[in-house]
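Q: Going down the list, the sequences are from chains B and R.
Add 46 to the 1-based position in the first sequence for the working numbering, that's all there is to it.
Add 46 to the 1-based position in the second sequence for the working numbering, that's all there is to it.
To be clear, the hints were calculated from the coordinates, so they are not data collected in a lab.
Quick caveat, the model's predicted, so the values are computed rather than measured.
Please note that a few of the clues may not be correct.
Since copy identity is lost for identical chains, a pair holds within one copy or between any two.
Stated by the list, open to error - In silico DSS-like cross-links for lysine-lysine, where the CA-CA straight-line distance does not exceed 27 Å:
| hint | residue 1 | residue 2 |
| --- | --- | --- |
| 1 | 421 | 298 |
| 2 | 451 | 226 |
| 3 | 329 | 414 |
| 4 | 298 | 226 |
| 5 | 146 | 226 |
| 6 | 414 | 146 |
| 7 | 556 | 451 |
| 8 | 655 | 317 |
| 9 | 414 | 317 |
| 10 | 698 | 146 |
| 11 | 421 | 655 |
| 12 | 73 | 421 |
Chain by chain, the residues:
Number of protein chains: 2
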Amino acid sequence: MNATSFTDLDRLCVNTIRTLSIDAIQKADSGHPGLPLGAAPMAYVLWQSHLRHCPSDPTWPDRDRFVLSAGHGSMLLYSLLHLTGYDLPMSEIQAFRQWKSRTPGHPEFGHTAGVEATTGPLGQGSANAVGMAMAERALAHRFNRAGFELVNHMTYALVSDGDLMEGVAAEAGSLAGHLKLGKLVYLYDANDVTLDGPTSMTFSTEDVARRYESYGWQVLWVMQGDTDLAGLDAAIRAARAETAKPSLIIVKTTIGFGSPNRQGTSESHGKPLGAEELELTKKALGWAQGEAFHVPSEARARFDESARRGRQARDAWNQLFDRYSREFPELAKEWKQAQAGALQVGWEAALPTWKPGEKLATRLASGKAIQAVAKAMPSLIGGDADLSCSTNTLIAEGGSFEGQKGSGRNVHYGVREHAMTSIANGMCYHGGVRPFVSTFFVFSDYMRPAIRLAAMNHLPAIYVWTHDSLAVGEDGPTHQPIEHLASLRAMPGLVVLRPACANETREAWKIAAERLNGPTALVLTRQALPSLAEPSTGWAVHRGAYVAAEAEGGTPDAILIGTGSELHVALAARTQLAAQGVRARVVSMPSWELFAAQDGSYREAVLPKSVRARVSVEAGATFGWQRWIGDQGVAVGIDRYGASAPGGTLLKEFGFTPENVAAAALRSLGR
Amino acid sequence: MNATSFTDLDRLCVNTIRTLSIDAIQKADSGHPGLPLGAAPMAYVLWQSHLRHCPSDPTWPDRDRFVLSAGHGSMLLYSLLHLTGYDLPMSEIQAFRQWKSRTPGHPEFGHTAGVEATTGPLGQGSANAVGMAMAERALAHRFNRAGFELVNHMTYALVSDGDLMEGVAAEAGSLAGHLKLGKLVYLYDANDVTLDGPTSMTFSTEDVARRYESYGWQVLWVMQGDTDLAGLDAAIRAARAETAKPSLIIVKTTIGFGSPNRQGTSESHGKPLGAEELELTKKALGWAQGEAFHVPSEARARFDESARRGRQARDAWNQLFDRYSREFPELAKEWKQAQAGALQVGWEAALPTWKPGEKLATRLASGKAIQAVAKAMPSLIGGDADLSCSTNTLIAEGGSFEGQKGSGRNVHYGVREHAMTSIANGMCYHGGVRPFVSTFFVFSDYMRPAIRLAAMNHLPAIYVWTHDSLAVGEDGPTHQPIEHLASLRAMPGLVVLRPACANETREAWKIAAERLNGPTALVLTRQALPSLAEPSTGWAVHRGAYVAAEAEGGTPDAILIGTGSELHVALAARTQLAAQGVRARVVSMPSWELFAAQDGSYREAVLPKSVRARVSVEAGATFGWQRWIGDQGVAVGIDRYGASAPGGTLLKEFGFTPENVAAAALRSLGR
């Protein structure tokens, strides 16, 4: 690569990004001018001289990825997208942060062409980028052949002081160093200011450079990041040249650069400049035009080169792919399948089946199902937060993921649950690979911020959570989920499945594997459960709930609803009730979300309105169960924290017994 | 301090800790032998030669604090507590991990004398220790006087590889370095093994020593941590001698030390050794006694010295406090108040009041209430995650917390929400200070693992969460809470308050300040709301719900239940319904938990069973509302993610209008 020389035209382009951004923020009277003003030079140099992307084909698979981890600086990204020719007309820039615009306050994946990740919750974008860089390596390993570098692209993230203070960024940075992700580059907008003031308030001692060196990163510096385009260019070149380590480019900038009265202060961080300061800023930047949203024609022409270069690169890749398809037709087919997230036709046949009565924990059943899914979906990449021996989530013979080569299908994330989940999001954003990640259910709390983003962005991540109730036993209340089912069911877009036996677990995995428009969670037991017989009507886990055992005689007096391990308690209670002349139907309800999505007639068939005596039984908080059991229902659950003792003891002590459920049914019947 | 010399008796004591631990784990057939075997030497040297504690008076305020962050090694702690004379008889050691024992699987604060923090969820204990060290400094600053070092103690944490991989540990370590907490020491059990295998799988590149140096810590090494008692002693001395920086002592150990077939492997981490390997281990350790749970009498005598030394230290402190009480009677009174968490009598009078109709955001009202609470409770320490300008949570003239001196009442945590919350827990565990912490409501997700521990342990932390709904507006869905209210209401032990106006906010702060047996959350608006008039029956926020506007004529056809900003929508809907001849009562329900705790007659008075037409209106997920609105009710809420636009636009577009609520009431009435 030759060093680029930069001219006044380049500086005009930088200022075009700046003025466009602050004009939009001013018009919206809302937004964060500080970052676009300070980070425009690094962004310009990256996008103009390095980033390989095709504005007219934003999802071209071998493009470089760019993540604006500091999502509050969204106008920087929108300015870049608009200027380089993405489908983001000036009218959208002028509708920044308005209802139904394509320029929301923080970048939203799937909403705006060219936005690679939804960012804003700090730290997570930096972890998403790690996931993208891992996906690149995994795809390169799987698909590249001698002379056919089908996959060969960089991942860049623009990160801020706030990003790097977050624990998730620390976890992700540590793992990226461990994995030697040489094609990952962070541009760190080190302006020493966060929303509340200078970072000296909170971040003085920490030497970020040493910290990233300790993680195994290359660290580079650009001291005059507001003006030194050549320095930025050289640093990015050096980062690209280091292929054995990720690179952190520390760019010293001035937040709000150009704003005479606000630059360098937290005041410029999150408030529009105001009309007067905006004019002063433009003057200070040497901006001649008074009119808002002005793009000088020579700048426009320069930015247009991006689109041209992008099309060339994309066209060259398309030609490469055509040759590849002729040379390796099977691989090309697999490539397309991987991009689509598709499974092999008829793959379900390979899923395991268990004989009625066969006893095993659903985590073990899941471990077996994973092997079938892994065969049917070669793009599946598993992962664990140091508990794979307990969660049973290793892909057999998959090998450990190796970050330089991209080989291996089991990622050992270490005890880094939050980064693990954000990295899985990054893999989903990238495409071509399908991640599942696993830990104990109680630690889903550590993952929550990233689960929310997966749900919001319809990312098909799969969560395998085992040790799903107080039946965990001896580890005690810190390790026993109580409120977790409720708290996750409350999250829009997430499908939670708590299967009641090995066969339901198989069905749950089928659903998870085939669900491409959002994350799916499998909530599994530590303890063994007897396998159920297939209902005469067939498995209906995919409908969220179904009649697992009809009331004797067919007209129920009461309905008992169970999930997971407690379905068996409901079944036993049904027998006890029958002895007392009460006809109880037992409904298995592995997924509220899937059941709620069924049509009214199916729901009525499972839970007829006429049967008002209802009991739910689930070893978790009763919160929310009123929805299914109604005013007359009784919820058997646990609304306190658990205790340390053998699991069977706890279930009994806390009332998860057939006797207690039967008694609840009688109460619900008013007897 | 003179260097201690260690003898065979000391080595016998170390092995007593080891064998007692593995015997208990073996009897329970459950637990983690690896850590106690490896970390017994460092724990012994610390407890024997350094830790100032009084087994017969475990809550003596000036004791050193010891946190076993790696809580899975609980038997190490129980062995130490038993041997040094805490109220933990051998029968409890023998009941390890059993129902109702005082030796649960992970250490539980408040359950076992001498356990300073509930640990197990990794990383958090290390952050708790940071909070304890900050509390120590704050109390020293407030109460120490020349010649009266009332507060002068160390905080030690035993941390593991798994702890240090967690993001929360990284955040806390960074902040501790920034704050120069010289009386904080981590003993790092660096055994290079986690549950799933060697750390080389996940942690190879990261140079933990450099990382902590980059945070501003002193880093010390002990290379032969399994045997080198003198080296451990010297390192702890060096750590104590460094008063300007926290210290990390990296102790290289062998996990499962002594177990011939398991030591150094992950197999020894989380499984009992088994009878045969246990015997081999005892033999390898040179343990003569075959009998389980044997404590040699000479070891017993040596450990007894701890209790004697502890009593002496405690007695000396008590004498100091007596003299202090005579010299500074007012301060001594304040000290007792601070320890009890008490407020000044009649303090509520200083809380602000707003005129009906006066418009302001509840976050602003909270900001004013905070000043009154801060005056009435000098032990209150505020904190923010870099958003204090937006959350309005600075204690005026409180100054910024300074970690060396302990001065200042506003902790600037930086963008480190998880550590902030765990540190607040640490302050609560320590006692004498009362923390509140703040950020945007949506980022409560980042805090969640630590909130859960606060709730489980009845810690009186206060959470101030502002920007509480999609009315946040332009920042868009990443910043708009949806499922957060439901997900937090599902958590046992947490009280969530969402006040509807400035006056309700004052009442909410009163409740939070006075609630000492668990965490309380205030959920506050960004946008202005009109202040309500005091109901004729007086404010009843503390009862969780009350009649804010009675139906005309007094016999309601329908009940509209609102929380926070949406109460005003309900009130406007009531007027619209009246025009249509429908008499609607409006209930303000700031807290589900407090209302659920009222007696049946109060609940019936507010929500009479006879009125089945009910509507809830809340700008959040409808999840769980069926509990209050019943089978015939209609929940007005939002069960999807929001969007970026001005807040008013969003509220209207998503149906938070009087028209929509009135229509819902008609539907609920079957009209």
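Q: State for each hint whether it applies.
A: Cross-check of the supplied hints:
Taking CA atoms no more than 27 Å apart as the test, residue 421 paired with residue 298 passes in neither setting, with 48 Å inside one copy and 42 Å between copies. For the homomeric pair residue 451 and residue 226, the shortest alpha-carbon distance inside one copy (10 Å) is at most 27 Å, but the shortest distance between copies (42 Å) is not. Taking the shortest alpha-carbon separations for residue 329 and residue 414, neither the intra-copy value of 67 Å nor the inter-copy value of 40 Å comes in at or below 27 Å. Proximity of residue 298 and residue 226 under a CA criterion of 27 Å is satisfied in both settings, with 25 Å inside one chain copy and 25 Å between copies.
With identical chains, the CA atoms of residue 146 and residue 226 are never at most 27 Å apart, being 41 Å at best within one copy and 48 Å at best between copies. Taking CA atoms no more than 27 Å apart as the test, residue 414 paired with residue 146 passes in neither setting, with 45 Å inside one copy and 37 Å between copies. For the identical chains of this complex, residue 556 and residue 451 are neighbours neither inside a copy (30 Å) nor across copies (59 Å), given an alpha-carbon limit of 27 Å. Neither within a single protomer nor between protomers do residue 655 and residue 317 lie at most 27 Å apart by alpha-carbon distance, with minima of 54 Å and 50 Å respectively.
Proximity of residue 414 and residue 317 under a CA criterion of 27 Å is satisfied inter-copy only: 23 Å between copies versus 54 Å inside one chain copy. In this homomeric assembly, residue 698 and residue 146 come within 27 Å of each other (Cα to Cα) only across copies, at 14 Å, whereas the closest approach inside a single copy is 53 Å. For a Cα distance limit of 27 Å, the shortest separation of residue 421 from residue 655 qualifies neither inside one copy, at 44 Å, nor across copies, at 56 Å. For a Cα distance limit of 27 Å, the shortest separation of residue 73 from residue 421 qualifies neither inside one copy, at 53 Å, nor across copies, at 42 Å.
In summary, the numbered hints that this structure violates are 1, 3, 5, 6, 7, 8, 11 and 12.
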